[in-house]
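Student: Sequence:
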Amino acid sequence: MYVTVGLGLERCEKNRTCGGPNGQKLSASMNNHSFQFPTKLSILEAFFFNVKGIYTTDFPNKPPVKFDYTNTINSNNTALLFAPKRTSVKKVKTDRKKFNLVDPQIRNTIGVPVGGWAAIRFTADNPGAWIMHCHLDVHLPLGLATAFVVENGPTPATTLPPPPKDLPKC
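Numbered continuously in the UniProt record's numbering, the sequence shown closes out at residue 170.
These aren't lab readings, by the way, just hints derived from the structure by calculation. Just so it is clear, CB atoms sit at the ideal spot from N, CA and C, and this is done for glycine as well. Any given hint could be a false lead.
With a straight-line cut-off of 30 Å between C-alpha atoms, the simulated BS3-like cross-links for lysine-lysine are [said to hold, decoys possible]: (1) LYS52 - LYS14; (2) LYS52 - LYS40; (3) LYS40 - LYS169; (4) LYS14 - LYS40; (5) LYS40 - LYS25; (6) LYS14 - LYS165; (7) LYS52 - LYS25; (8) LYS25 - LYS14; (9) LYS97 - LYS14; (10) LYS25 - LYS165.
Have a look at the derived ranges for each label pair, beta carbon to beta carbon [to be verified]: (11) GLY19 - THR109: 22 to 32 Å; (12) LYS40 - PRO113: 14 to 24 Å; (13) PRO164 - ASN15: 38 to 48 Å; (14) ASN22 - ASN152: 42 to 52 Å; (15) GLU10 - LYS40: 36 to 46 Å.
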């Protein structure tokens with residue numbers, strides 16, 4: 001799964017004051033979708049009871065729109081790269097050969113510089129709903145997060161019980 005993270009501006013709702021540039025509100029997205037916490041059911045309940053409209057499983061294997069957020073837009077189809085002095089440029093396609101797939105570092109936080117990228121590989125073997133978000137909690141209300149639902153495994157030790165009937169509602 002490929003994810004493009006973006007930060008943009010949205011119009012402020014009517015009769016509301018927003019603190020972003022030009023009176024707008026900041027908005028973050030992953031593949032052009034901003035994360036919103038569900039208000040009626042938890043993500044895991046929605047998954048277990050197959051409730052529509054809370055989560056989706058149709059994620060693309062690449063960003064929906066191919067767009068290079070780092071370069072100046074050039075309208076005459078000439079391949080140009082503008083980089084400041086002393087900038088090192090790496091080709092992502094050739095860097096894959098350097099990935100350590102045998103015994104990679106085990107991390108729970110990854111620093112990504114402005115304009116940078118990260119390749120993350122993980123084993124999803126713990127059933128439940130797991131949130132992946134920016135380290136800065138201030139970005140959560142902007143929508144810069146996603147949640148993974150890891151399905152039950154083949155054994156009782158890797159299977160979640162159904163939600164109890166008296167589970168408190170959100």
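Student: If you check each hint against the structure, which ones fail?
Tutor: Going through the list in order, the structure violates hints 6, 9, 10, 12, 15 and respects the others.
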